[in-house]
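**Student:** For reference, the chains in residue letters:
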Amino acid sequence: MPEFIARRLVQLIPTLIFILVVVFVLVRLLPGDPASAVLGDRALDADVERINRELGLDRSIPVQFWVFVKSFLTGDLGNSISLRIPVTQLIADRLPITMLLTLMAAAIALIIAIPLAFVAALRRERLPDTLIRGGFQVGLSMPVFYIGLVLLTVFGANLRWFPVGGYGDTFPEHLYHLFLPAVTLALSLSAILMRNLRAAIIEVLDADYVTFARSKGLRTRLILFRHILRNALISTLALFGLSIGTLLGGAVITETVFAIPGAGRLMVDSIYGRDYPVVQGLTVTLAVVVSITFLLTDLLQAWLDPRVTK
Amino acid sequence: MSESAQPEAADAARRSVRLPRPGHLPLPFIGGALILGLSVFVAAFPGLFAPYDPLAFDYNAVLQGPSAAHPFGTDNFGRDVLSRVIHAYTIDMQIAIFATIFPFVFGTAVGALVGYAGGIAETIFGRVVDAVITFPFLVLVIAIVSVLGPGLGNMYIAVGLVGWVFYARITAAEVRVQKRLDYADAGRAMGYTHARIIFRHLLPNAITPAIVYWMTDMALAILLGSSLGYLGLGAQPPAAEWGVQIAEAKNFMSTAWWMGVFPGLAIVVTGLGFSLLGDGLAELLRTRR
Numbered sequence: 001m002p003e004f005i006a007r008r009l010v011q012l013i014p015t016l017i018f019i020l021v022v023v024f025v026l027v028r029l030l031p032g033d034p035a036s037a038v039l040g041d042r043a044l045d046a047d048v049e050r051i052n053r054e055l056g057l058d059r060s061i062p063v064q065f066w067v068f069v070k071s072f073l074t075g076d077l078g079n080s081i082s083l084r085i086p087v088t089q090l091i092a093d094r095l096p097i098t099m100l101l102t103l104m105a106a107a108i109a110l111i112i113a114i115p116l117a118f119v120a121a122l123r124r125e126r127l128p129d130t131l132i133r134g135g136f137q138v139g140l141s142m143p144v145f146y147i148g149l150v151l152l153t154v155f156g157a158n159l160r161w162f163p164v165g166g167y168g169d170t171f172p173e174h175l176y177h178l179f180l181p182a183v184t185l186a187l188s189l190s191a192i193l194m195r196n197l198r199a200a201i202i203e204v205l206d207a208d209y210v211t212f213a214r215s216k217g218l219r220t221r222l223i224l225f226r227h228i229l230r231n232a233l234i235s236t237l238a239l240f241g242l243s244i245g246t247l248l249g250g251a252v253i254t255e256t257v258f259a260i261p262g263a264g265r266l267m268v269d270s271i272y273g274r275d276y277p278v279v280q281g282l283t284v285t286l287a288v289v290v291s292i293t294f295l296l297t298d299l300l301q302a303w304l305d306p307r308v309t310k
Numbered sequence: 001m002s003e004s005a006q007p008e009a010a011d012a013a014r015r016s017v018r019l020p021r022p023g024h025l026p027l028p029f030i031g032g033a034l035i036l037g038l039s040v041f042v043a044a045f046p047g048l049f050a051p052y053d054p055l056a057f058d059y060n061a062v063l064q065g066p067s068a069a070h071p072f073g074t075d076n077f078g079r080d081v082l083s084r085v086i087h088a089y090t091i092d093m094q095i096a097i098f099a100t101i102f103p104f105v106f107g108t109a110v111g112a113l114v115g116y117a118g119g120i121a122e123t124i125f126g127r128v129v130d131a132v133i134t135f136p137f138l139v140l141v142i143a144i145v146s147v148l149g150p151g152l153g154n155m156y157i158a159v160g161l162v163g164w165v166f167y168a169r170i171t172a173a174e175v176r177v178q179k180r181l182d183y184a185d186a187g188r189a190m191g192y193t194h195a196r197i198i199f200r201h202l203l204p205n206a207i208t209p210a211i212v213y214w215m216t217d218m219a220l221a222i223l224l225g226s227s228l229g230y231l232g233l234g235a236q237p238p239a240a241e242w243g244v245q246i247a248e249a250k251n252f253m254s255t256a257w258w259m260g261v262f263p264g265l266a267i268v269v270t271g272l273g274f275s276l277l278g279d280g281l282a283e284l285l286r287t288r289r
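For the protein sequence lines, the chains are A and B, in the order given.
Just so it is clear: in the first sequence, position 120 is 120 by our numbering, and no numbers are missing.
Just so it is clear: in the second sequence, position 272 is 272 by our numbering, and no numbers are missing.
Quick caveat, the hints were computed from the structure, so don't treat them as lab data.
Virtual Cβ for every residue (Gly too), placed ideally from N, Cα, C.
Mixed in with the good hints, there may be bad ones.
[Unchecked claim] Every beta carbon over 12 Å from chain B, so not counted as near; a handful from chain A, in silico:
hint : residue
1    : 51
2    : 115
3    : 140
4    : 161
[Stated by the list, open to error] Chain B stretches covered by chain A per the calculated footprint, using a threshold of three residues with CB under 8 Å from any CB of chain A:
hint : stretch
5    : 61-70
6    : 124-133
7    : 221-233
Input sequences plus hints: build the corresponding full structure.
**Tutor:** Okay, structure coming up:
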């Protein structure tokens, strides 16, 4: 196990370097120089020069890359052009909101997926199974932003059960404000999880150890939870890790629909405002969040199922 | 029992070479093909179906509910929603194809080469895949679009830069299996070139999963394209595109539900068409093997 952890940690290094290279190249590919993009066409030469110096664009490419890498290592990502505060602070303010939203969505997706997967697997190829799978197929084809708008209109604007946007001030208020967005985000994830769980449960149902447990006369409910759910969840865990990127992408849209001041909303705002330091910092940060999530789910999976480490 | 099973199996094998008759096609395949065939036809000739000009304002008919004159109602500029949904087929079907064709072709080719070569090429490729999947796809695409500027052309470039990786991974895995089979050895024994073995012999046998994924990917492309349209980074208003239409509808969700429901429905139906076709193809190609 320690060996496995060490190996996974070492694998993280080339991934992080690659992330930095991609984002660096991306920003340099910019057509025209960022200074005039920021200042507009009628910018004074002196201003253009000042911005270029601020962004470090007057130096050679290798030096720029070194400065770029160093800025991430020291956590100094420069200042936001439009908000005039350090990018690091901006991300530190906004990212926790997105993480909370993502966590809630993941929890809700599991709460939706587990019971339905059981029903579908135990009533395989019969009406409940067909209905559940058909419903999720439709759910998967629905755009996140439309689901969000419908929930917002029905439960926010019309029924007034939930706020129509914002984030609140206290933690319970945060949970309350994030509930509808989290449900929006959870629906497509739950469809993917349900499909995988159903297949895993069916596989486990036919496994020898379940037949053995049954023949020992264990109660069905005990078998379902102790044996089947545990094993089915292990494979779901890997899928969970892989879905984090989709969830964060979905958060960009949900936060825009529900006007939540998270990292996703910040991303969209910074793109409209051509605030490149923020876009660059956020892209790297989100990629790092994803690779750390991969690492954690891998380790968790290895802990639950030692065969993985081999 | 085993004697009677023998000719049956032989019969099945013989039949599997030919394309199945329409009555024997999997049901999802028929459903998906019907939906998409119709969608492509509408996309090619929207003028045949749309009763109005999708861009024409009519201030005498603003925000009207569905009626005989306007089956899907009108929007806040009096534009006919049905005509806009129909004309949007042209853009959205184009997104489905243009955003995925390069990743499909390039990705399967790279995947075939990598899977065949193995060794160091596969190790390096594995690292590239690991790195690419750590970028949240939508975030990366938005970041690229932000650099290149909003618009569909730039969205295709952004998706192309990232999307091929998934096809390559799928195909590499399949080719890795196929290259160990006897017919690949036979090709080598015959002295065929690597290129001929890879593209004429291995790839046709290894491409099924990539094709099935392609169908899913086209549905995802429409979701992505409409999401970007919604965010204002894809198709630009006043163009008729489903995501753009839903973005226009967002302030009228409770007063004029029809503005958003019908474009939303179009996305769902088209997406369903692609996933049905994908499921059907998987079934069809599996039995043919």
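**Student:** Now look at each hint and say whether the structure bears it out.
**Tutor:** Status of each hint after checking the structure:
no.	hint	in the structure
1	51	holds, 17 Å
2	115	holds, 24 Å
3	140	violated, 7 Å
4	161	holds, 14 Å
5	61-70	violated (count 0)
6	124-133	holds (count 5)
7	221-233	holds (count 7)
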